[in-house]
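Undergrad: Below, each chain spelled out in residue letters.
There are 2 protein chains.
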Amino acid sequence: MPYAPINFNEKFSLFSEQWSPKIIAQMNDYHFKIAKIQGEFVWHSHPETDEVFIVIDGEMEIAFRDSVAALKAGEMIVVPKGVEHKPIAAQECQILMVEPAGTLNTGDAGGDHTLEAVPWI
Amino acid sequence: MPYAPINFNEKFSLFSEQWSPKIIAQMNDYHFKIAKIQGEFVWHSHPETDEVFIVIDGEMEIAFRDSVAALKAGEMIVVPKGVEHKPIAAQECQILMVEPAGTLNTGDAGGDHTLEAVPWI
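Residue numbers (our numbering), protein chains in the order written: chain A, 1 to 121; chain B, 1 to 121.
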């Protein structure tokens, strides 16, 4: 089929590593990426772009410098560009992210978690 | 809270009309829109942009001129720009769409279904 549906659960079943986003779709110059997360990520911001998180399964928090947003499956949030944030998940959480192709996962923070090349899955 | 989660079910509970998209979020110059659909939409294409459909609840089909893609909750599809398509849902289906702000729901087709101004909800 030339235009095939993408099944989130099927894609999540293909990998187990955490904090390791995979691209599942491209719309114009934006990527749709999935990731399994658990624990605390690094504080960072994306100076050039907003970023969308959609929770597919589980629960997560996004810490901001002045508040914390709690998200569960069936919820999304837009992190505005330039706003420092830190994703956190007590238990493993499956998320979908939408952001421009080439956006670094650690934004302006860099460090060990940085993925220079995000693979398709 | 300055950065609040958006709950899909909560947003869907706020309206009942079909084929009447509502904006729930903006990321850069893209809108995230939800809609309840049932029946057949019109054949149309978007000459300037790809379009993403994510099924939140229920099942739908997207007819292309040479194939049909069947989608259910937990699945997404990218309709490439310029490609004619027709959304179809036998039973009411709840969907999330991602496309550039200002994209017309009927694309190049126009007609009675066209919404010039999509409201926020």
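There's no promise every hint is true.
Identical copies look the same in the list; a pair holds intra-copy or inter-copy alike.
[Stated by the list, open to error] Calculated lysine-lysine pairs in the DSS-like style (CA-CA distance at most 30 Å, straight line):
| # | residue 1 | residue 2 |
| --- | --- | --- |
| 1 | Lys11 | Lys81 |
| 2 | Lys22 | Lys72 |
| 3 | Lys22 | Lys11 |
| 4 | Lys22 | Lys81 |
Honestly, the hints are just simulated from the structure, not real lab data.
Undergrad: Against this structure, judge whether each hint is valid.
TA: Each hint tested on the structure:
Taking the closest pair of Cα atoms, lysine 11 and lysine 81 come within 30 Å of each other both inside a single copy (28 Å) and across two copies (24 Å). In this assembly of identical chains, lysine 22 and lysine 72 lie within 30 Å of each other by CA distance both inside one copy and across copies; the values are 20 Å within and 22 Å between. Proximity of lysine 22 and lysine 11 under a CA criterion of 30 Å is satisfied in both settings, with 9 Å inside one chain copy and 28 Å between copies. With identical chains, the CA atoms of lysine 22 and lysine 81 are at most 30 Å apart both within one copy (21 Å) and between copies (23 Å).
The earlier numbered hints are all upheld by this structure, with none contradicted.
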